[in-house]
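S.K.: We have chain A already, so just place chains B, C, D, E and F on it with the hints.
Here is how the chains run, residue by residue.
There are 6 protein chains.
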Amino acid sequence: MSVLVIAPHPDDEAIGCGGAICLHSDRGDRVVVVFLTSGELGLKKVSRERAWAIREQEARAAARVLGLADTIFLRLPDWSVGEHLKKGAALLSPILKREHPGLIYLPHASEWHPDHQAAWPLVKRALSSVRPERFPTLRSYEVWTPLAAWDQVQDISTVMPRKLRALRAHRSQLDGFDYVAAVKGLNQFRGALAGRCRYAEAFGEAEPHRPSRHSSRTKP
Amino acid sequence: MSVLVIAPHPDDEAIGCGGAICLHSDRGDRVVVVFLTSGELGLKKVSRERAWAIREQEARAAARVLGLADTIFLRLPDWSVGEHLKKGAALLSPILKREHPGLIYLPHASEWHPDHQAAWPLVKRALSSVRPERFPTLRSYEVWTPLAAWDQVQDISTVMPRKLRALRAHRSQLDGFDYVAAVKGLNQFRGALAGRCRYAEAFGEAEPHRPSRHSSRTKP
Amino acid sequence: MSVLVIAPHPDDEAIGCGGAICLHSDRGDRVVVVFLTSGELGLKKVSRERAWAIREQEARAAARVLGLADTIFLRLPDWSVGEHLKKGAALLSPILKREHPGLIYLPHASEWHPDHQAAWPLVKRALSSVRPERFPTLRSYEVWTPLAAWDQVQDISTVMPRKLRALRAHRSQLDGFDYVAAVKGLNQFRGALAGRCRYAEAFGEAEPHRPSRHSSRTKP
Amino acid sequence: MSVLVIAPHPDDEAIGCGGAICLHSDRGDRVVVVFLTSGELGLKKVSRERAWAIREQEARAAARVLGLADTIFLRLPDWSVGEHLKKGAALLSPILKREHPGLIYLPHASEWHPDHQAAWPLVKRALSSVRPERFPTLRSYEVWTPLAAWDQVQDISTVMPRKLRALRAHRSQLDGFDYVAAVKGLNQFRGALAGRCRYAEAFGEAEPHRPSRHSSRTKP
Amino acid sequence: MSVLVIAPHPDDEAIGCGGAICLHSDRGDRVVVVFLTSGELGLKKVSRERAWAIREQEARAAARVLGLADTIFLRLPDWSVGEHLKKGAALLSPILKREHPGLIYLPHASEWHPDHQAAWPLVKRALSSVRPERFPTLRSYEVWTPLAAWDQVQDISTVMPRKLRALRAHRSQLDGFDYVAAVKGLNQFRGALAGRCRYAEAFGEAEPHRPSRHSSRTKP
Amino acid sequence: MSVLVIAPHPDDEAIGCGGAICLHSDRGDRVVVVFLTSGELGLKKVSRERAWAIREQEARAAARVLGLADTIFLRLPDWSVGEHLKKGAALLSPILKREHPGLIYLPHASEWHPDHQAAWPLVKRALSSVRPERFPTLRSYEVWTPLAAWDQVQDISTVMPRKLRALRAHRSQLDGFDYVAAVKGLNQFRGALAGRCRYAEAFGEAEPHRPSRHSSRTKP
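Chains as they are written, first to last, in the numbering used here: chain A, 1 to 220; chain B, 1 to 220; chain C, 1 to 220; chain D, 1 to 220; chain E, 1 to 220; chain F, 1 to 220.
In isolation and in its complexed conformation, chain A is listed as follows:
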């Protein structure tokens, strides 16, 4: 299976679905992460280009830990994804055509950060221009805003150490607050609630309303 992960900034992929990515890649699925921005506003006092270089290098280091097949950087302006949906969708469309993913991970719609909120409109637009034969399954992940309503949990206990290593690869981001502790805390909460697993990731749906022609056909 081909899996696509939409990450507004480097580190969102590890925080939100790093465990699921490990499990996918261990199963032999091809997992590609598309970074909408390269997070230049997450670094102070360096040029945009320098910030890109640093964060993309970190993202590639994290990618090796997660077992990604590829990382793609769209370099939309940080904090302004919502104002560049057209450009973003134009950049994403050929990737959708090439990868034709069966499953797409993206941030959920109630995330606090406007770039996270912009992910689904951007993906929706790209999907509409591509019109894939088979509409991919959409799974939304949580970064810093917990999902109030979730749909599925994924036991990630066995790959938690790798997830945390991937997280730590984004080292320029680690000094604001202890976000390894934050991620461990939330994943432990999800795991304990789900029952009998130490760490879990929770997922919701991106948007239940599918475009015409693309509603999934159920078997009875």
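Take the hints with a grain of salt, since some may be wrong.
Copies of one chain are not kept apart here, so a pair can be met inside one copy or by any two copies together.
[To be verified] In the DSS-like style, the derived pairs of lysine-lysine whose C-alpha atoms are separated by at most 30 Å in a straight line are:
1) Lys-124 x Lys-45
2) Lys-45 x Lys-97
3) Lys-87 x Lys-44
4) Lys-44 x Lys-97
5) Lys-97 x Lys-87
6) Lys-44 x Lys-124
7) Lys-87 x Lys-45
8) Lys-97 x Lys-124
Hints listed in this document are in silico derivations from the structure and should not be mistaken for laboratory results.
Here the structure is a predicted model, which is why all the values come from computation and not from measurement.
M.R.: What follows is chains B, C, D, E and F alone, placed relative to chain A:
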């Protein structure tokens, strides 16, 4: 597979998921419909008991067309399901224990009728007291309020004649307006949008937020 | 009476309110359709200019069937209306001044397509700059997302054949799925529910909250 | 025309639509107010029966000022209307049959008080059992929670003194805070915004989604 | 200061605001917990009375750890608080009069469990009948549904061991899943996000809309 | 204390929180108003530059009445703030750094005007880039859309004459409708409801969900 259909009144089961029921029963699934009320307010100028007798008889006639394994009548008061959640859940719980359904159909949460809106709180309560080992999949159907956001469509072209026959079995309800035409219209709309099918039923999710312990475990 | 129809793309006018338009023009009302985009993304493998030519020609053919007094093409970029509200409102304002419509039809706010969602913000902005003496009545129509809550239905049985002919005039759009069947299905559903009419269109309100100075004065 | 006003407690009718009532009765419309409760919790240290007597007497005094044709007291328990929808609807139904109102005023759905929130479910239920040939127009009024989105304003400048006199007739309620000042303030705000009128009442819609069979038919 | 905690079931007080309670009681605040139900459905195969005895004893053991001044058991039926608002408010009102709390903790409105959702309507009703001179501050806590939007966090690192001891005092509830791990995980997530604290509790507002007469007066 | 007021157009500051500003400046707080636009669309038939000159002069006259320490004009395009969030935030950020306000006033999120709706996204973005050590308190004010849910009221009786004088300083805006009457009406409504004060302003919260690192720490 065991399938449970929650119908607030006789005829909701045929309108909302009559096609899906036919396909289930043709596949050999055991399908049971639980009627929350027996729709006594849908008949004028007869006693409640007489109304129950008429509508339950019609429901059983429809059941034969749909291929149901069983029909169960809880006889909650029509238009007052929301005020009898405790009693309704107490009546539903042993049925859940006996049938342990893998899939439950029920009206969606935005339906106009308050009895339809009350279906999910009632089912949620019953499920919580039963605590099934495996939490059933929930699929919500549309009666007279179209789903603005839907999740899945089911091609029911092959069984549409049977669905309509089941609908017509609820004959005491047919004189208000041409509801065979209404149902055919909506199912044709769903089918055409889905592409390449004449008639379809659309389904949403009952509520994405699962109780602790019951979130479905995904495979990566 | 002067009636204005806001259509994000050619064919939305026919799908959403083609029947109402026929009835208006038959009564002698002046009906003008403003197409926000000329739907260039609805045609694959042709230049934007070529796509415009094709779809505008189809729109004019449909206009003749519907009895329109005029068609106006704003040529905002397809799928990007929301990013061009200022330009769109600037183009719409002189039309509002010239036509001073008593009634405006536009897509409802919960439509799936972002261009449909952008119609009301665009119209609201243009109305605010024009400040008409008499604020027009707003009526929102449904395209592919059914209105969950509707306000009025219009019996269009007598003009249904013309509506369908107008629909078929948009011939470049007809091969994706059977959208004549879709439209017939939904209009039949609306008609049957309304009672005693074969086909109907349903309408909601664009936004109940009127700007200061423009709330409609009721008679007691 | 026959007009029905649903007031959860004595004084809501005067606060929310006292001006409109005056204008209706001056035009010769028959206006009847149905009080869901007689507001026994609004009086401290008297028996329920004594409180009923006092407040109903005040309501009848206000009625004479407003020009009501009749006042009807359902005496549902104060603060518990939502738990007595069945009984309330059963009491309201014969009134609907007798009065067959063309217009019904009731509190809007976002009012803070749970009895106000319960008014629409109660009316909806009664209307559904009665199934009037012609579905009445519904107009929702504001008591202490201003309508964030309003639909219509009614100039009540000429009858404002009478509205205030009716308000003051509910004298047992006047000592909590200066609610004549509150009502004058809000009506002045509505009037000034509407332009060129000193006092106005604002109204919204009770619920745009009409039951099947009852959607109002528009003329094109 | 007098602090009141509304807990739908024994253990909600410890999970949702056990840390804050410890800090309050350490400061000398008088903290009283009102248990709406005694959680009889949380114990299988024992009589209601036996379940009450067990869970109330556990609640009193937890109370000693938390330093509560008092525990009060209203014994409303478990899972049915929403159907007993009148009775519950009547039981709560004298407690409000006696304690006149300056601060009330209660579950937030989006909690999954219907008894948690019913807490605010019950408190609102009791407050309205009591009409306290000074309206208390309301703080809503999270049990198993994380707050998607939170307002304040409370560093509870120093009292976390006591909170966990109080949690473990509800021993009849501990075997379903590892809820000590769940609580530790969520509090660690809140603490890490807040920055520089190991464990924290997050709080939202119960309902921003205050009744007339009770809006808090701000200082400029 | 340093107080910042975000006003989309000149006059919003006086309408929404002119009374609170007077009280702040009387207490010795430093109050600065940032005007997002200079309201060029509020003047007909003059050039944009001329309109800016007129309205900024009026704003400065109002500022003298209110006792402001400074007025800052960002001159974003009127009616287009939402399309210039990036530029607006870049202009606001150095102001936040310089003033480090403890309290920010801004329009509430449900205001009808799109520029008012855009205020919070703009402020949120600027705050995120600045990352203040202490996150300011946010208080949202009402202009022409009343707050349906409010959080606090401020008695402004003593400074009402000054508020109205500040309002009248925006003289180019006064001829549309009697907005002094509108403001007096709404403030009288708020004051009467709050009890024992003639005029009051009501405030809500901008958005309860704080960014990570910035949740306010409560004392127990």
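S.K.: What hint numbers does the structure not satisfy?
M.R.: Those not satisfied: there are none.
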